[in-house]
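4 protein chains.
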Amino acid sequence: MICSETNIRIRYSETDKMGYLHHANYLNYFEIGRTEILRNMGMTYKEMEGDGILLPVLSVNIRYNAPSYYDDVLTVKTYMREKPGIKVLFEYEVYNENSDLICTGNSTLVFIDAHSRKPRRPPDYFVKKCSAEFKS
Amino acid sequence: MICSETNIRIRYSETDKMGYLHHANYLNYFEIGRTEILRNMGMTYKEMEGDGILLPVLSVNIRYNAPSYYDDVLTVKTYMREKPGIKVLFEYEVYNENSDLICTGNSTLVFIDAHSRKPRRPPDYFVKKCSAEFKS
Amino acid sequence: MICSETNIRIRYSETDKMGYLHHANYLNYFEIGRTEILRNMGMTYKEMEGDGILLPVLSVNIRYNAPSYYDDVLTVKTYMREKPGIKVLFEYEVYNENSDLICTGNSTLVFIDAHSRKPRRPPDYFVKKCSAEFKS
Amino acid sequence: MICSETNIRIRYSETDKMGYLHHANYLNYFEIGRTEILRNMGMTYKEMEGDGILLPVLSVNIRYNAPSYYDDVLTVKTYMREKPGIKVLFEYEVYNENSDLICTGNSTLVFIDAHSRKPRRPPDYFVKKCSAEFKS
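Protein chains in written order, with the numbering used here: chain U, 7 to 142; chain F, 7 to 142; chain Y, 7 to 142; chain H, 7 to 142.
Hints are supplied without guarantee of correctness; some may be wrong.
The list treats identical chains as interchangeable, and a pair is accepted whether it falls inside one copy or across any two copies.
Keeping only pairs whose Cα atoms sit at most 30 Å apart, straight-line, the calculated BS3-like set for lysine-lysine is [claimed, not checked]:
1) Lys83 to Lys52
2) Lys83 to Lys135
3) Lys83 to Lys93
4) Lys124 to Lys135
Worth flagging that the hints you see were computed from the coordinates, not collected in a lab.
Keep in mind that this is a model prediction, so the values were computed, not measured.
Could you build all of it, start to finish, from the sequences and the hints given here?
Right, dumping it as structure tokens:
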């Protein structure tokens with residue numbers, strides 16, 4: 007299993023008139039979790055894009071257990087539990103400062119070529135890193 | 007079945023460096039669809055909040071079939087196919103200008119009291135309208 | 007003078023915990039005003055980018071007179087009062103449904119080449135249209 | 007002078023199709039700078055709102071010198087150089103990782119009562135802290 011843990015302080019601009027972190031922003035927090043999982047693996051998504059490989063999102067499923075509030079520091083835990091192929095599954099848990107699990111989710115992304123915008127195999131350094139991690 | 011159909015032009019600020027409508031923004035488009043479905047039913051979500059009733063999101067599931075781009079006019083179709091109780095299920099289809107179904111999704115929301123933030127039954131005018139629509 | 011007038015309904019996702027349209031969103035509304043002024047001139051910003059010409063923002067000045075709220079329909083009036091060169095000055099007025107002037111602003115943008123990212127003269131069709139409009 | 011210095015990593019969701027941090031997001035970064043300046047002063051904006059005092063924005067002026075990009079870590083320096091009254095002036099400098107000053111700005115905010123939404127004097131703890139800092 008490959009994972010990352012990131013702390014994110016909720017911004018005023020991310021709240022809504024209900025006083026909650028607006029629910030769509032959790033998808034941006036998941037994206038930060040993915041960015042950090044790649045950084046933990048010794049690569050960056052920025053470099054991957056520089057190499058002509060994009061990783062758009064195919065699906066997201068998200069469940070909200072409790073709201074969160076301005077200035078709270080949330081902990082986003084991101085997991086890659088299955089060996090990825092052309093598609094990659096990420097799973098997420100978001101905790102508040104009381105360690106309540108306030109949100110869970112998952113998303114599937116696909117490697118595509120930046121020029122053709124067609125699916126392609128993941129870059130070698132990613133495959134190599136995953137093979138080391140997900141040995142059978 | 008109760009439904010709404012809304013056209014939304016993609017804003018520059020909603021694009022990302024991939025050149026796509028950033029995937030989290032579809033959740034905001036779904037929210038517009040819900041706002042318009044209530045307006046079609048003869049009420050507004052704004053008034054409902056004024057009456058002390060909030061409708062936060064419990065879950066979202068979204069599947070992206072194809073990207074969309076700056077200045078495209080998308081059509082968001084929103085459906086309430088089941089008679090709602092304390093929870094309401096909305097379903098969504100998003101089409102581009104070529105009538106391609108680029109995104110589908112659903113979300114479940116729950117009626118809560120604005121003061122106690124506890125679940126409560128939907129407002130009478132909403133129940134009445136739904137009863138008329140979902141006669142068995 | 008070249009101008010546009012656009013109606014924008016405030017989204018739930020654009021509000022903040024104060025219950026107001028979050029102040030940063032007005033910059034996105036200004037951007038929509040610019041998009042529409044170009045469309046009124048017979049071109050689109052999308053096509054301009056397709057021709058390899060970008061128009062990034064150099065400065066913004068904005069003054070908020072009164073707040074605005076979820077579901078309000080604002081009217082954004084955008085003006086190009088001076089004949090543009092490599093830089094273009096846009097001015098904005100935002101009105102609410104009571105015709106209160108709730109926000110004013112201006113921004114300066116610059117034409118750049120998409121490849122070199124260096125300033126360049128505006129496209130011919132833009133110059134021609136402006137010359138017709140700003141005859142001395 | 008009272009100041010804060012905050013590092014912010016640019017999120018994918020904050021980029022636009024030009025590949026830049028979308029210009030409206032700098033206003034959100036300024037807001038984070040204000041949040042941190044208050045925290046440095048020994049209070050939080052969250053508590054201030056809890057005490058029934060809001061601080062909406064009256065005006066913003068911003069100048070963009072150079073673009074910034076996904077995954078860059080920006081440094082936001084926020085300054086309160088003048089002793090505040092009912093209004094407070096904040097000034098901002100944003101630097102990239104090469105220490106280039108990529109953006110400058112300022113904004114004026116006003117203390118208001120959360121209930122009446124009318125201007126009011128700042129809270130005592132804020133006045134006291136400022137008096138200690140801005141001794142003539």
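Hint-by-hint comparison with the structure:
no.	hint	verdict
1	Lys83 to Lys52	both (21 Å within a copy, 25 Å between copies)
2	Lys83 to Lys135	within (20 Å within a copy, 38 Å between copies)
3	Lys83 to Lys93	both (20 Å within a copy, 28 Å between copies)
4	Lys124 to Lys135	within (23 Å within a copy, 40 Å between copies)
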